[in-house]
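Using the sequences and the accompanying hints, generate a full structural model.
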Amino acid sequence: MPKADLETRPEELNGVAIRGHLRGVQFPIPEAPASTSTRSFDSNTQQLLDYYDKNIAGLMVWIDSEKNYYRKKVLPLAQTNEAVRLAICAVSAQHAARDFTPSTVYEKDRDHVLSMIMRGVDDMTAHPQLTVTADTAEWMLSSMMVLSSYELAHTGGADAADFHRKAARALVNTLSTLDFPKSSLFGFLQNQLSMYDIFACTTILDASDVQDAIRPVEYGDDKSFSAYLLILHDATLISRGDSAQDSTRDWRSEFVQARGETLMEVGSSGVCSSADRGDFIRLVDAYHNAALLYTARCLGHQYGPEETVGLFDLFRLLTGMENLHEWIHNLAWPIFIAGTECYGDGDRQLILRDLYQSLSDVTGFKHHGDVLTFLETFWSSGESDWRILAKQWEGLGRRILAV
Numbered sequence: 000m001p002k003a004d005l006e007t008r009p010e011e012l013n014g015v016a017i018r019g020h021l022r023g024v025q026f027p028i029p030e031a032p033a034s035t036s037t038r039s040f041d042s043n044t045q046q047l048l049d050y051y052d053k054n055i056a057g058l059m060v061w062i063d064s065e066k067n068y069y070r071k072k073v074l075p076l077a078q079t080n081e082a083v084r085l086a087i088c089a090v091s092a093q094h095a096a097r098d099f100t101p102s103t104v105y106e107k108d109r110d111h112v113l114s115m116i117m118r119g120v121d122d123m124t125a126h127p128q129l130t131v132t133a134d135t136a137e138w139m140l141s142s143m144m145v146l147s148s149y150e151l152a153h154t155g156g157a158d159a160a161d162f163h164r165k166a167a168r169a170l171v172n173t174l175s176t177l178d179f180p181k182s183s184l185f186g187f188l189q190n191q192l193s194m195y196d197i198f199a200c201t202t203i204l205d206a207s208d209v210q211d212a213i214r215p216v217e218y219g220d221d222k223s224f225s226a227y228l229l230i231l232h233d234a235t236l237i238s239r240g241d242s243a244q245d246s247t248r249d250w251r252s253e254f255v256q257a258r259g260e261t262l263m264e265v266g267s268s269g270v271c272s273s274a275d276r277g278d279f280i281r282l283v284d285a286y287h288n289a290a291l292l293y294t295a296r297c298l299g300h301q302y303g304p305e306e307t308v309g310l311f312d313l314f315r316l317l318t319g320m321e322n323l324h325e326w327i328h329n330l331a332w333p334i335f336i337a338g339t340e341c342y343g344d345g346d347r348q349l350i351l352r353d354l355y356q357s358l359s360d361v362t363g364f365k366h367h368g369d370v371l372t373f374l375e376t377f378w379s380s381g382e383s384d385w386r387i388l389a390k391q392w393e394g395l396g397r398r399i400l401a402v
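According to numbering that gives the first Met the number 0, the sequence shown is numbered sequentially starting from 0.
Incorrect hints may have been included.
Below, computed lysine to aspartate or glutamate pairings styled on EDC-like, alpha-carbon distance capped at 20 Å [stated by the list, open to error]:
no.	residue 1	residue 2
1	K71	D49
2	K107	D63
3	K66	D49
4	K53	E65
5	K53	D63
6	K72	D110
7	K72	D49
Estimated spans, in silico, between C-beta atoms of each pair [stated by the list, open to error]:
no.	residue 1	residue 2	range
8	P127	P304	21 to 27 Å
9	Q301	K365	33 to 39 Å
10	G299	E260	45 to 51 Å
11	G368	E217	35 to 41 Å
12	F179	G269	39 to 45 Å
13	G299	N54	22 to 28 Å
Read the hints as simulated data drawn from the structure, not as lab findings.
This one's a predicted model, so the numbers in the text were calculated from it and none came from an experiment.
Even glycine gets a Cβ: it sits at the ideal position worked out from N, Cα and C.
So, in structure tokens, the structure goes:
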């Protein structure tokens, strides 16, 4: 994010991040503490770290495996870095409220972590000569990505979650201008943010907000899904009037190629077991069909037989998962797109209501109920284009976060 964006609205940066006794406190950019052997924490902290391991880390990735960096690298980082530890505890405390009542001190510490990060971003922007190490970049982005799900655990949290998304975008855009060795963890987290940012942009009608979305980067052997995200974001940019439309562009062929690349990359990576392969293919196909429907709607293409078949296939895929419980946390966006195209179809709307109930039950994130409220309002509006209502909600400051 350009420096001007950090300076023109300081009240936005401070309004969420700095409250009460933290207001006005200045934080330098702290280095991560030197690596030490695993520490022992009080029972409440350890309970929250364990809760994140068992209940949240797996929701943050497409395929939960031993390569899940939230478990492999971010949780170990919490052993030695206070900011990452406090971020994880804050998210766990918020998410676990339905299961047990942990100390509320961690929710207050979330403000502390955010203020540290935003002060660091401000310092890096104002003083580009500052030396930023890989450790500093890792703890800052790790904390920010962990906190990205904080607001989603309660109803009406999409607006505050949107602040977190913009803050994380500002952090990555600032760090991208600085010269420091980018680690595999940093690349992983940047791609996590890119996926979150690009899908969030599909429900944002403000062109100025979508143009600076974080693009995916290549790191290690991970190239899966990046082609799909780039094509999808192109469609978003064009539909918001930020890019010129090329009438000769074959969107379907591009998405077909991206689908094939994703299946090959994941297939060769070994992260998907043979038992899960069928549902993973259904997942990729659900995103493929959803993207075609989204593109046709947003670019004003004629709704024809291909779209009718695509919507039928999307519902077939969503209802045909062999183990829906294990995969539904990845399906929020295709489910939303299915909802935007089933106006006037009561039977499909019932299916969507059941899917949203499952999303909320499995993930513990209540913002899915807010998205369903939007869809139900749209279904009763008499309109066929969901963007009309989305623009009205956006004008009232109500965000739709279909991720």
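>> Between the beta carbons of P127 and P304, is the distance compatible with 21 to 27 Å?
In response: At roughly 55 Å between Cβ atoms, P304 and P127 fall outside 21 to 27 Å, so the hint is violated.
>> Is 35 to 41 Å respected by the C-beta to C-beta distance linking G368 and E217?
In response: holds, 36 Å
>> Please verify whether K107 and D63 have alpha carbons no more than 20 Å apart.
In response: Violated. K107 to D63 sits at ~30 Å, over the 20 Å cutoff.
> Hey, K71 versus D49, does the alpha-carbon distance stay inside 20 Å?
Replying inline: holds, 13 Å
> So the hint says 33 to 39 Å: do the beta-carbon atoms of Q301 and K365 match that?
Replying inline: Holds: the Cβ-Cβ distance is about 38 Å, inside 33 to 39 Å.
> Does the hinted range 39 to 45 Å hold for F179 and G269 at CB?
Replying inline: violated, 31 Å
> Regarding the pair K72 and D110, is the alpha-carbon distance no greater than 20 Å?
Replying inline: violated, 23 Å
> K53 and D63: Cα distance at most 20 Å?
Replying inline: holds, 11 Å
> Is K66 close enough to D49, meaning Cα to Cα at most 20 Å?
Replying inline: Cα-Cα ~18 Å, so holds.
> Do the alpha carbons of K72 and D49 lie within 20 Å of each other, as the hint requires?
Replying inline: holds, 14 Å
> Holds or violated: 22 to 28 Å for the Cβ distance of G299 and N54?
Replying inline: Given about 42 Å between the Cβ atoms, the range is violated.
>> Can you confirm whether the C-alpha distance between K53 and E65 stays at or below 20 Å?
In response: holds, 13 Å
The structure is inconsistent with the numbered hints 2, 6, 8, 10, 12, 13, although it conforms to all the rest.
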